[in-house]
Amino acid sequence: MPESRASGAAPRPAESLETPETLETPETLETPETLETPETLETPETLETEVLISGGGMVGLTLGIALAGAGVATVVVDAADPAALRSAAYDGRSSAIARGTQQALAALGIWPGMAAAAEPILEIRVSDGKVGAGASPFFLHYHHHELGPGQQGPLGYIVENLAIRRALAASAARAANLTLLAPARLSSADRGPGAVSAVLDDGRRIRAQLIVGAEGKASALREGAGIRVTRWDYRQVAIVCTVAHEAPHEGVAHEHFLPSGPFALLPMTPGPENAPGGGGHRSSLVWTERRALAPAMMALSDADFAAELERRFGHGLGRLRQAGGRWSYPLGLMLAEVCVGARLALVGDAAHVIHPIAGQGLNLGLRDVAALAETLVDARRLGLDLGAAEVLARYQGWRRVDGALLAVATDGLNRLFSNDLGPLRLIRDLGLAAVDRAPPLKRFFMRHAMGLVGDLPRLVRGEAL
Amino acid sequence: MVENAGNRNGNSHSASVDPDEVAKFAALAGEWWDPAGKFAPLHRLNPARLTFIRDRIAAHGGRDPLAERPLAGLRVLDIGCGGGLLCEPMARLGAAVTGIDAAENSVAVAAEHAAEAGLDIDYRHTTAEALAAETGAAETGAGFDLVLNMEVVEHVADVAVFLRASAALVAANGAMVLATLNRTPKSFALAIVGAEYLLRWLPRGTHDWRRFLRPSELVAHLRAAGLETRELTGVTYNPLTGAWRLAPRDLDVNYMVFAVKA
Numbered sequence: 001m002p003e004s005r006a007s008g009a010a011p012r013p014a015e016s017l018e019t020p021e022t023l024e025t026p027e028t029l030e031t032p033e034t035l036e037t038p039e040t041l042e043t044p045e046t047l048e049t050e051v052l053i054s055g056g057g058m059v060g061l062t063l064g065i066a067l068a069g070a071g072v073a074t075v076v077v078d079a080a081d082p083a084a085l086r087s088a089a090y091d092g093r094s095s096a097i098a099r100g101t102q103q104a105l106a107a108l109g110i111w112p113g114m115a116a117a118a119e120p121i122l123e124i125r126v127s128d129g130k131v132g133a134g135a136s137p138f139f140l141h142y143h144h145h146e147l148g149p150g151q152q153g154p155l156g157y158i159v160e161n162l163a164i165r166r167a168l169a170a171s172a173a174r175a176a177n178l179t180l181l182a183p184a185r186l187s188s189a190d191r192g193p194g195a196v197s198a199v200l201d202d203g204r205r206i207r208a209q210l211i212v213g214a215e216g217k218a219s220a221l222r223e224g225a226g227i228r229v230t231r232w233d234y235r236q237v238a239i240v241c242t243v244a245h246e247a248p249h250e251g252v253a254h255e256h257f258l259p260s261g262p263f264a265l266l267p268m269t270p271g272p273e274n275a276p277g278g279g280g281h282r283s284s285l286v287w288t289e290r291r292a293l294a295p296a297m298m299a300l301s302d303a304d305f306a307a308e309l310e311r312r313f314g315h316g317l318g319r320l321r322q323a324g325g326r327w328s329y330p331l332g333l334m335l336a337e338v339c340v341g342a343r344l345a346l347v348g349d350a351a352h353v354i355h356p357i358a359g360q361g362l363n364l365g366l367r368d369v370a371a372l373a374e375t376l377v378d379a380r381r382l383g384l385d386l387g388a389a390e391v392l393a394r395y396q397g398w399r400r401v402d403g404a405l406l407a408v409a410t411d412g413l414n415r416l417f418s419n420d421l422g423p424l425r426l427i428r429d430l431g432l433a434a435v436d437r438a439p440p441l442k443r444f445f446m447r448h449a450m451g452l453v454g455d456l457p458r459l460v461r462g463e464a465l
Numbered sequence: 001m002v003e004n005a006g007n008r009n010g011n012s013h014s015a016s017v018d019p020d021e022v023a024k025f026a027a028l029a030g031e032w033w034d035p036a037g038k039f040a041p042l043h044r045l046n047p048a049r050l051t052f053i054r055d056r057i058a059a060h061g062g063r064d065p066l067a068e069r070p071l072a073g074l075r076v077l078d079i080g081c082g083g084g085l086l087c088e089p090m091a092r093l094g095a096a097v098t099g100i101d102a103a104e105n106s107v108a109v110a111a112e113h114a115a116e117a118g119l120d121i122d123y124r125h126t127t128a129e130a131l132a133a134e135t136g137a138a139e140t141g142a143g144f145d146l147v148l149n150m151e152v153v154e155h156v157a158d159v160a161v162f163l164r165a166s167a168a169l170v171a172a173n174g175a176m177v178l179a180t181l182n183r184t185p186k187s188f189a190l191a192i193v194g195a196e197y198l199l200r201w202l203p204r205g206t207h208d209w210r211r212f213l214r215p216s217e218l219v220a221h222l223r224a225a226g227l228e229t230r231e232l233t234g235v236t237y238n239p240l241t242g243a244w245r246l247a248p249r250d251l252d253v254n255y256m257v258f259a260v261k262a
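Each protein sequence line maps, in turn, to chains A and B. Just so you know, we're using the working numbering here: the first sequence kicks off at 1 and counts up by one. Just so you know, we're using the working numbering here: the second sequence kicks off at 1 and counts up by one.
Read the hints as simulated data drawn from the structure, not as lab findings. Mixed in with the good hints, there may be bad ones.
[Said to hold, decoys possible] Here are a few chain B residues that sit away from chain A, every Cβ distance over 10 Å (derived from the structure):
1) Pro-19
2) Ala-23
3) Arg-92
4) Leu-93
5) Ala-117
6) Arg-183
7) Ile-192
8) Ala-243
9) Ala-247
10) Leu-251
[Said to hold, decoys possible] Derived coverage of chain B by chain A (criterion: at least 3 residues anywhere in the stretch with Cβ under 8 Å from a Cβ of chain A; other residues may be distant):
11) 46-54
12) 81-91
All values reported here derive from a predicted model rather than from experimental measurement. Glycine is no exception: its CB is placed at the ideal position from the N, C-alpha and C atoms.
Here chain A stands alone, though its shape is the one from the complex (with noise of 0.2 Å):
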C-alpha cells in the first residue's frame, strides 16, 4: 500500500505540469491567532523552551503535539505561510496510515480530526502484471479477517494529506506549551554545551535544550552537522493523482506489479463534493513509472491518461478517469548514517527518505516521532537534559535498525518487482502464492506492513506517553 506521498517534507513538483499554487507551500499549516499579534514580534528577549522542532509538517507537527502534550515546553518553527492552507486548496496526495500510526495518532488525540476523511483498507491485493494483460494468477491477498483472534479491524487507512494537515493544525491550536512560528525561518541554530541558541531571520531568538531537525529530505541541520548520508536515484518517478471509477472500490487496496515499477491503487472515502471526484468512487493513484517515459505519461491528455490506466489497471473498478491535477516526484533513497548529533535528533525524511513501495514513508517518520518523543518524556521525568548524550544515544539505538530494514527491504521489493525478467517473474509469483498459502508468515508480514512488528513505542501500541 504505497503513500503517494513520494518525497520529502518539501517536495518540488519538477516535472509537475500542473502545479497548483499550494504545492509549493505543501507544508503550510493553519497558526494559532495568537501568533501572528505584534506583541510576539517586536519582542526582543529570548524564547526560553524545552524542545525546538525546525519543520512543522505533517512529522515536525506530530512531534510537537506529542511533546506538548506530555507538558514539554516546544517550539515549532515552519518556514510555509499558514494562509496557504487557510486558502483550502487541494494537496492532492494521500498517505497510507497504518494501524500503528493510526493507534499513535489516536492516542495523542489529532486522529478525530482526520477520522472522517480515513478510508479503512479492508483488504490489499497483491499481484503481479504487465502492461496490457491482467494480473497474474497467483497473487498475494490480505484481509483483515486473517488477522487472527482479538486483533480486528482494518489493516489501515488512506487519508487525504489536506485532512492530516487540518487535523493537525486543529490539535496545535488546542495545545498548551506549544508555540507555532510560521511562517518563521531558522537563520542560525547554535548547539552549544548547554544548549541550543538559534536566530530567527527576522531577528527573533529561541534558547532550548535540544533541536529537531524535521524540515524534510533537505534538512540544513543535518547537514550543518556533516551527517553523511547514503543516497540512490532510482531512476523512477511517482506519477500520483485521484482516479474517479464506475465501481466501488470496497475498501481494497490494489498493489500491482508492473516491470516499470508497482502501480497501486488506493481506495478514498468520497470526500466533499468540490474535491477532484468527490462524492462518487474515488481512489489515489500512485504509479511508478521509468523516469525517461514519465514525461511522455504526464504530457498525455486526460483521455489517454485514462486509458493508460486501464491498460495497467484493467476493467475491476469500471470506467477510470483522472480527477483534479496530476503530479510527478522523483524517487529515491536517502539514509542519514545517524539520526543524532550533539543536542540535535532528526525525524522524518530528514533522516531517512525510502521508496513509496510499500506505503511507509510517513509511517516510519510516525514512528521516529513516537520513538522521540517517548525517549524525551522519559528523560524529563527523570530530569535529565533532554540534549544530552546518553539520551539521544537511546532514540539513535531504537530508531536505527527500523529505518535501515525498511529502506533495505523497499529497495529490494522494487528490485525484485520492477523488472520484466522471465524467471525472476516466476519466482516472485510462486513467492506471492507461498506467502499467500502460509497464514503464520502471512500474518507477520500483514501485522510489520501494519507497522505492529518491534519494540514497539508506547503510542504505537496506542496508549499514552
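Could you slot chain B onto chain A? The hints should help.
Below, chain B without anything else, positioned relative to chain A:
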C-alpha cells in the same frame, strides 16, 4: 565523589576523608560533562539510579513520581556531587539542591555547567562533617529531606564517621539514598578487572576492592547512624544494550539503599 579534608575555609579536617582519593577525582574534573570522557559510564548509569531515587522519595512522601516537578519543595543534598550529574536532574525535578564535594575544581565545573543550563544549584566546596557542624543540623533537627550518598562510601577513609555526619544532615522523617559496590568475587571481576583493566571505563585505581561494603555491613553502619533501611536493589549492566537497569534481586556488584530517619 569524595570527601575532602578542607572545606572552603580551608581550616577543617575530617576523619572520613582520604586525600589521595580526592586527588584522583580532582585530576579528572574537566571530564565530568564530556559524553566521551572518563565519566561516560556514570552518565549511562544515571537513568537507572535516578529512577530509584525519584520513585522511592516520591513514594515516601506520597507524591506521584510521573507528575510535573515531582520533587518540588524538597531540600536535597548531594554529597560528593562531582560535576553535578545528579544535582542537575534533581533541580529539574523541582528540588532545592545543594551539592558538596571535596574536590574544589569539581565544584567549579559543576557551578559553571549549572549556569550554562540555567539551573539554580547551591554548590559548595566542603565536607559532610563540616556542613553538619556549620548548620548545626544534628542539634536543631533541621536538615535535608533527601541526602544522596552515591558512589561515595567506597572512597571514604572511615565509613562510620562519614555516615554519622551524613545522617546528621538528614531531617526528621527525611531519607538517604546510597549507591555503592558489594565486596564479592563477582564485583572484583567486574568492577576492578572488567571496568578498570579490560574495558578501561574507569581509570585504574578508581576503586579499592577492599573498601567495598557488603549490604549487611552498610545496613549496620546506617542503623548505628540512626537510619533505618527500607529497600535494597541491585543495578546491573546489559553489555548488549549498554544500558543499566534496576535488578532488585542481584546485589552482587552495584547496589543501592533507601533509608529513612525515624
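Checked hints:
For Pro-19(B), the requirement that its beta carbon stay farther than 10 Å from each beta carbon of chain A is met, with the minimum near 31 Å. For Ala-23(B), the non-interface assignment is confirmed: its Cβ lies about 26 Å from the closest Cβ of chain A, beyond the 10 Å cut-off. Non-interface call for Arg-92(B) relative to chain A: violated, since the shortest CB-CB distance, roughly 4 Å, does not exceed 10 Å. For Leu-93(B), the requirement that its beta carbon stay farther than 10 Å from each beta carbon of chain A is not met, with the minimum near 4 Å.
A beta-carbon of chain A comes within 10 Å of the beta-carbon of Ala-117(B); the shortest separation is about 5 Å. With a least beta-carbon separation of about 28 Å from chain A, Arg-183(B) lies farther than 10 Å from that chain, consistent with its non-interface assignment. A cut-off of 10 Å between C-beta atoms confirms that Ile-192(B) is not in contact with chain A; the least separation is 24 Å. Against the 10 Å criterion, Ala-243(B) falls within the reach of chain A, whose nearest CB is about 8 Å from its own CB.
No Cβ of chain A approaches the Cβ of Ala-247(B) within 10 Å, the least distance being about 18 Å, so the stated non-interface status holds. Chain A leaves Leu-251(B) outside its interface by the beta-carbon criterion, the shortest separation being 22 Å against a cut-off of 10 Å. With 5 residues having a Cβ less than 8 Å from any Cβ of chain A, the stretch 46-54 of chain B passes the three-residue criterion, so the hint holds. With 4 residues having a beta carbon nearer than 8 Å to a beta carbon of chain A, the stretch 81-91 of chain B meets the requirement of three or more and the stated coverage holds.
Checked against the numbered hints given earlier, the structure breaks hints 3, 4, 5 and 8 and satisfies all the rest.
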